[in-house]
Amino acid sequence: MSGGENITKLNAAGDQQETEFTEMPAVNANDSKTRLSGASEDGRETDAFLGTAKDDLEARKVDGYDKEADGQGNEHFYGLSREELEKYANDPVWVKTRRVLFAILVVGWVAMLVSAIIIVVVTEKCPKNPNLLWYQDGLAYRVDTAKFQDSDANGVGDFTGMYFSNIIFIVIIYLLRLGIEQHADHFAELSVVSVWLEDMSSEMAYDGKDISLNSSDVGTMKAFANLTKTFNKKGIRVGIGLTLTASQLSSGDEDVTLKDVVRYWADAGAELFVVDAPEEVDDKGYLDTLIECQEVLDIEYNKKDDRNRVMVSSAARQQAVYGSEAVMAAITVVNDVCTGDRNGNCVLETLENTGMANNDLPWKVVDVNYDLGNPACNLALRLTIPGTPIVASGTEIGLAAGGFMIWNDTKASGFTNKVNWTMPSSQVMVDSVLAQKSAGYDAGSSIYSLFKDLAAVRAEQRSLQWGEFLPLTFGGQVQAFVREADKIDPVVVAVNPGDDHAGSLEYGDFTRGEVLVTRGLDLAPGDEVDLNAVFMPSGGVFVAKMMEPEKP
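Counting from 1, one number per residue, gives the positions in the sequence shown under the UniProt record's numbering.
Just so you know, the hints here were simulated from the structure itself, not pulled from any lab data.
Misleading hints may appear alongside valid ones.
[What the hints assert, rightly or not] No more than 20 angstroms apart at the CA atoms, straight line, and that leaves these computed lysine to aspartate or glutamate pairs for EDC-like: (1) Lys222 - Asp298; (2) Lys233 - Asp306; (3) Lys452 - Glu198; (4) Lys125 - Asp431; (5) Lys259 - Glu292; (6) Lys147 - Glu198; (7) Lys233 - Asp199; (8) Lys229 - Asp185; (9) Lys259 - Glu295; (10) Lys259 - Asp199; (11) Lys304 - Asp267; (12) Lys303 - Glu292; (13) Lys304 - Asp288; (14) Lys87 - Asp522; (15) Lys147 - Asp431; (16) Lys96 - Glu86; (17) Lys233 - Asp305; (18) Lys259 - Asp298; (19) Lys222 - Glu189; (20) Lys487 - Asp509; (21) Lys259 - Asp288; (22) Lys234 - Asp199; (23) Lys452 - Asp152; (24) Lys234 - Asp305; (25) Lys209 - Asp260; (26) Lys233 - Asp185; (27) Lys209 - Glu300; (28) Lys233 - Asp137; (29) Lys259 - Asp276; (30) Lys209 - Asp255; (31) Lys222 - Asp255.
Predicted model, so just to flag it, every value in this text is computed and none were measured.
Using the sequences and the hints, build the whole thing.
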């Protein structure tokens, strides 16, 4: 527009009305303000102030940051411009500040690194915790299947009787209020890791390359497979004993070899194979066969499921095995302790003289054949010496090896429900499993209770699992030793199968102990004792965790 012009508008009533505007002068950027004036329809002035470009920029500056307002009056802030940042970056104050902060960061990082190194160097190392395989980590229970439990009333123990008893037998026992457990639970209660069925070779028949059970009274392979499944659910492995014959060394296609036999039982669930061989089988053939069988287990089975099935050499061939580095690296050996002079001294002497006491040999599976004249002392040594202990069925109640299992106090002792069956006259009777587990039975005289306590302590105390064996001089017939693993509290064991004796069980700086298991002493688990004042009565058993002297 130039000059004054009239613009026609509609007023509120809808009538046309002319309004005259004057021409707005040009805005001078250097003026502080420019006024825009006009006449409204009612004659009032409308003023608007426009800041100059410079004033507007300064108005949007707040503490060095730009701001703008949106339509709702909200202010938005923006960072410094590149030029402003460069100005601060080169500012001496900020340069000095940055250098100080960086120096603090570097010094702090170096201090933490040095502190970590010092802590690692001076802190006591964690104890070694070897990765024990399943057959090194608990008890092995050796079973004469024919004498353990009969489930079909024929007077012969069988596979089924080991994990489930005949339903008629259960009813009879229930009516007599005697009770019975599934034996898988019995083994689990005793902390048994593996159950080893003695010589199964005599139960097998061969037809060319075909292998089967020879209509055996011990049961079928289906029953054996069910047994392994039931026991596996309880965390218990199942193994078998085998006798190697000369014909089984053959690699021909016509004969059944030991490898074939191992496959046969492994397919049914066996994971432990304890092999013996008569004298006519030469050592080299025997040892080579064991290595080949272990290779079969490793390649065909262990690689698939990592169950670590293992071949074990019997005690009869241990000397031959010790002469073969290849076999010692491949298999485990059952060490027969004290087959001759059976007394307390022979146990400790044999362990030292054969190198079985510590780590001079590969892992030991120990079959201890001694008789100290006291079941409690026998059991205490058996479950605390180095290696994996093997216990025969009935050991948990003080039964001599080779006898029929005594489950309860019925005429047949719970072994069978065959009519008119009685225990052989040669059987040495002891209190039954049921009697020793009853609430009213004297825990101090219960071998079953002692077995449970010792097995539980062995499972808990790492020194008893893999610690070194260190004999103690105690005097008399008392047998005492210490088991000590690296940086772990040592455990002292003492038994007295002879006359009363008092003496010191001190070991190095250890003068105090916490009782773990005891029989015949006026002590209870958890008691703290002075190891210099332990009195070992006849038949006494003492197992304690050694404690360092209290600091003043």
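So, going through the hints one by one against the coordinates:
The hinted pair formed by lysine 222 and aspartate 298 fails the criterion: a straight-line CA distance of about 24 angstroms is larger than 20 angstroms. The suggested pairing of lysine 233 with aspartate 306 holds, with an alpha-carbon distance near 17 angstroms, which does not exceed 20 angstroms. With a C-alpha separation of about 23 angstroms, the suggested pairing of lysine 452 with glutamate 198 is violated against the 20 angstroms cut-off. Distance restraint check for lysine 125 and aspartate 431: the Cα-Cα separation of roughly 48 angstroms exceeds the 20 angstroms cut-off, and the hinted pair is therefore not satisfied.
Under the criterion of a C-alpha separation no larger than 20 angstroms, the hint pairing lysine 259 with glutamate 292 is consistent with the structure, at around 7 angstroms. A hinted pair counts as satisfied when its Cα atoms are at most 20 angstroms apart, and lysine 147 with glutamate 198 qualifies at roughly 11 angstroms. Distance restraint check for lysine 233 and aspartate 199: the Cα-Cα separation of roughly 24 angstroms exceeds the 20 angstroms cut-off, and the hinted pair is therefore not satisfied. For the hint pairing lysine 229 with aspartate 185, the CA-to-CA distance comes to about 13 angstroms; that is within 20 angstroms, so the pair holds.
Between lysine 259 and glutamate 295 the CA atoms are separated by roughly 10 angstroms; this keeps the pair inside 20 angstroms, and the hint holds. Between lysine 259 and aspartate 199 the alpha-carbon distance is near 16 angstroms, which keeps this suggested pair within the 20 angstroms criterion. At most 20 angstroms may separate the alpha-carbon atoms for a hinted pair to count; lysine 304 and aspartate 267 meet this at roughly 13 angstroms. Note on lysine 303 and glutamate 292: the hinted pairing holds, with a Cα-Cα distance of about 16 angstroms set against a maximum of 20 angstroms.
Proximity of lysine 304 to aspartate 288 is assessed by CA-CA distance (about 24 angstroms); at most 20 angstroms being required, the pair is judged violated. With a C-alpha separation of about 87 angstroms, the suggested pair lysine 87 and aspartate 522 falls outside the 20 angstroms cut-off, and the hint is violated. The suggested pairing of lysine 147 with aspartate 431 holds, with an alpha-carbon distance near 17 angstroms, which does not exceed 20 angstroms. Of the pairs offered as hints, the one joining lysine 96 and glutamate 86 holds, with about 15 angstroms between alpha carbons and a cut-off of 20 angstroms not exceeded.
Restraint check for lysine 233 and aspartate 305: satisfied, since their Cα atoms lie roughly 16 angstroms apart, inside the 20 angstroms limit. For the suggested pair lysine 259 and aspartate 298, the alpha carbons sit about 12 angstroms apart, so the restraint of at most 20 angstroms is met. Restraint check for lysine 222 and glutamate 189: the C-alpha separation of about 26 angstroms exceeds 20 angstroms, so the hint is violated. For the suggested pair lysine 487 and aspartate 509, the alpha carbons sit about 14 angstroms apart, so the restraint of at most 20 angstroms is met.
For the hint linking lysine 259 to aspartate 288, the alpha-carbon distance of about 12 angstroms falls within 20 angstroms, and the restraint holds. For the proposed pair lysine 234 and aspartate 199, the alpha carbon gap of about 24 angstroms is over 20 angstroms, so the pair is violated. Restraint check for lysine 452 and aspartate 152: the C-alpha separation of about 30 angstroms exceeds 20 angstroms, so the hint is violated. Taking the CA atoms of lysine 234 and aspartate 305, the gap is near 18 angstroms; set against the 20 angstroms cutoff, the hint holds.
Between lysine 209 and aspartate 260 the alpha-carbon distance is near 8 angstroms, which keeps this suggested pair within the 20 angstroms criterion. Simply put, lysine 233 and aspartate 185 have alpha-carbon atoms about 10 angstroms apart, close enough for the 20 angstroms limit, and the pair holds. Taking the CA atoms of lysine 209 and glutamate 300, the gap is near 19 angstroms; set against the 20 angstroms cutoff, the hint holds. For the hint linking lysine 233 to aspartate 137, the alpha-carbon distance of about 17 angstroms falls within 20 angstroms, and the restraint holds.
For the proposed pair lysine 259 and aspartate 276, the alpha carbon gap of about 14 angstroms is at most 20 angstroms, so the pair holds. Using a Cα cut-off of 20 angstroms, the hinted pair lysine 209 and aspartate 255 holds, with the two alpha carbons roughly 6 angstroms apart. Taking the CA atoms of lysine 222 and aspartate 255, the gap is about 24 angstroms. The hint is violated against a cut of 20 angstroms.
Checked against the numbered hints above, the structure violates hints 1, 3, 4, 7, 13, 14, 19, 22, 23 and 31; every other hint is satisfied.
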